[in-house]
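Assemble the complex: chain S is given as a structure, and chain U must be docked to it using the hints.
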Amino acid sequence: MIMDLTVGLNHYLILAAILFAIGVMGVLTRRNILIIFMSVEMMLNSANMTLIAFSHYLENAGGMIFTFFTLTVAAAEVGVGLAIVVTIFRNTESLDVRKLNLLKN
Amino acid sequence: MFDVATMQISRLLPEMILIGVALAAILVDVMLPKGKSTRGVQWTVIIGLIVVLASTFFNRENTGPAFGGMVVIDGFTMFFRLVLTFITLLIVTVSETYLGSLNIRIAEYYLLLVFSLFGMLLMAMAQDLLIVFLGIETMSVCLYALVGMSRHKHASNEGAIKYFLLGSFTTAFFVYGIALMFGVVGSTNIVDIMVYLSGVSGNVPMLAWASAGLILVAFAFKAALVPFHWWSPDAYEGAPTTVTAFMSTAPKAAAFAAFLRVFYVAFGDMSETWTTVLWVIAAITMTFGNLLALRQDSVKRMLAFSSITHAGYLAVALLTFDQMGAAAILFYLMIYALMNIGAFLVAIAVNRNENDEKGYAFEDYRGLVFRKPAMALAMLVFMLALAGIPPTAGFFGKYYIFSAAVKSGFVGLAVIGVLNSAVSVYYYLRLIVFMFLKDRDEASETPGFNLSGEMVPIVIFCVILVLLIGFFPDALLAVATRSVTVLL
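Going line by line, the protein sequences match chains S and U. Residue numbering for the first sequence follows our numbering, beginning at 1 and increasing consecutively. Residue numbering for the second sequence follows our numbering, beginning at 106 and increasing consecutively.
Extracted from the complex, chain S is given alone in its bound form (with noise of 0.2 Å):
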C-alpha cells in the first residue's frame, strides 16, 4: 500500500496545535519561572508556526508580515520579563513560583 506522504497544510496545524497545548501545559504544570517562560516562548511559536502555513497555503504575505510582528513582542516581552526575573533572583535567591506567595488574599 502507498502511503500518500505530502505533508500539506493539516500536518502543520496539528504539529503547531500539539506544540500549542505543551506549552499550555508547561506553564500549568512547572514551578521554575524560566521554564515556564519557556513555554509561552513555544506557544507563541507555534501560533507563528500556524500563521506562516495559513500564509503559505493562502498565497497571502499577511500572515508572514504579521510573524515578523510577533517575533518582535515576544523579543521585547523577554527584555522585560527576564529583567524583572533578575530582581527577583536578587531578592530571593530562588526561581520558584511557589515561593511567590507574599501577596495573599
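There are no misleading hints in this set.
Here are some chain U residues the structure puts well away from chain S; computed CB gaps all over 12 Å:
hint, residue
1, D427
2, V474
3, V584
With a straight-line Cα cutoff of 25 Å, these simulated SDA-like cross-link-like pairs (lysine to any residue) come out:
hint, chain 1, residue 1, chain 2, residue 2
4, U, K258, S, F89
5, U, K258, S, R90
6, S, K99, U, A260
7, U, K258, S, L100
Not everything, but these chain S residues come out facing chain U in the computed CB check (under 8 Å):
hint, residue
8, F20
9, G23
10, V27
11, I36
12, M43
13, L44
14, T50
15, G62
16, V73
17, A76
18, V80
19, G81
20, I84
21, I88
22, N91
Honestly, the hints are just simulated from the structure, not real lab data. We put the beta carbon where it would ideally sit given N, CA and C, even for glycine.
Same frame as chain S, but now just chain U:
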C-alpha cells in the same frame, strides 16, 4: 502602489505628538543631573499631554481611516483618546512627590507611562487585529515594568512577575486566535472579518469559533474578568500606588475599547453565542470580586478587588450588544476613572508608611474626620460614588448599565448586578464608618499625611467632577452615545 496621501498621517497627529513628547522627555532626562528630582521630565510630560489633548480637540473633524484601513479615527477613537490621555495626565501630575517618598527617582517612570498610553491609543483606534495586538503589547510591556518599579520590594517583584507571566501567557492565546482567524478569513482586518462572517451567516466554521474564544480569553484577561483575574489583586497591591491607580483605570478602558470594536464590529454576527458566554463571566465576575473585597483589611487590596467587580458591571453593559449598553460603558469608564483615582490618592495620603507590610489598613482611617475633615469628606464622596449612591456620578453609571441590560432582555443578570451592587455598599460603607463613627485613638495620631501640593487640586478636581456629573449626567451620556454610533 505606495501612496503617502492614502496613509492620512495627519489623522494621527496626537499620537505623533505623544511620541515626540516621549523623545523630548528622554532628552530632558539626559540633560538633568542624575539621581536628583525628576521634576523636569514630569513637567515636560505634563505640558506634552496637554498639547496632545488640545491637538485631539482641534483635530476632531479630521476623521476616517488611516494607514490603509489599519486604524480608524472616528468619534469612538476621539472619546478614548481624550479619556486615556486625561487619566495619564492626572497620574503624571500626582506622581513626583509620591515616588520621592518611595525613593524612586527614575525618569523612565514617566516614559513608560507615555509609551503605555501610546499602546492604549493604538488599541482604541485599531481596525486590524495586528494593531490591536501591537497596542496591547506596547501597553502591557510598559505596565510590567511599571508594576516592578520598586525593585527592592518583594511585593513589587512578585506582582510584576505574576502579571508578566500570565500576561504573556494570554498574549500567546491572542496570537493563536488571530492566526486561526487569518486562516479562515485570509485577513486580519476587522472589517474583512465582519464581511466574511456575515457572508457565511449561520454557518460559521469551527476554526472561527475557536479563534473568537481565544480572543475572548485574551480580552477577559486584560479587563480582569473572572476566571482570568488572578494577576490583578497581586499586581495592584505590589505596584506603587500611583501605578495601581493608573492600571485599574486606563488599561481597563483601553481593553474595553478594543473589546467593543472587535466583538461589536468583527464578531457582531456571532453575538448570540458570545453574549451567552459573557453572561456567565459577568455574573461570576461581579459576585466573586465582591465576596473577596468583603474580606480585605487593606484599603488598597479592597479597591483592587472592587475593580474586578466594576469590570463585571462593564461586562454586563458589553453583552447587551446595543447602542445604549455601549454608551453606558463609555460613561462608566470615565466616571470610574475619576472616582477610583480620587480614592487611591486619598489612600496614598492616609497611608503612614509606604514600606510597611501592613500599610493601607482600614484601622488607619479611624476617626479621620476629626483629624483631616477635608480628606475624609473627599473619601466619603468617592466611596459613595463607587457604591453607586446618588447624587454622585456612580449612581448614574450603574443606572445606565442596568437599564441597558433590562431593555435588552437580560433581566436576570441585571438583578444579579443590582444585588451585587447592594453587597458592595457594605465594604465601601465600612470605610466611611471607620472615618466618621469610630473614635480617634491615640496610636493613630502620629502624623503620616503626605497629601502633597499637587495632589490637593487633583483630588478636589475629581470630587467636583464626580458630583457635577452626578447632577448633570446627560451631557456626558450624550457625548458617549454619539461616540458609539460608529460601532452599530
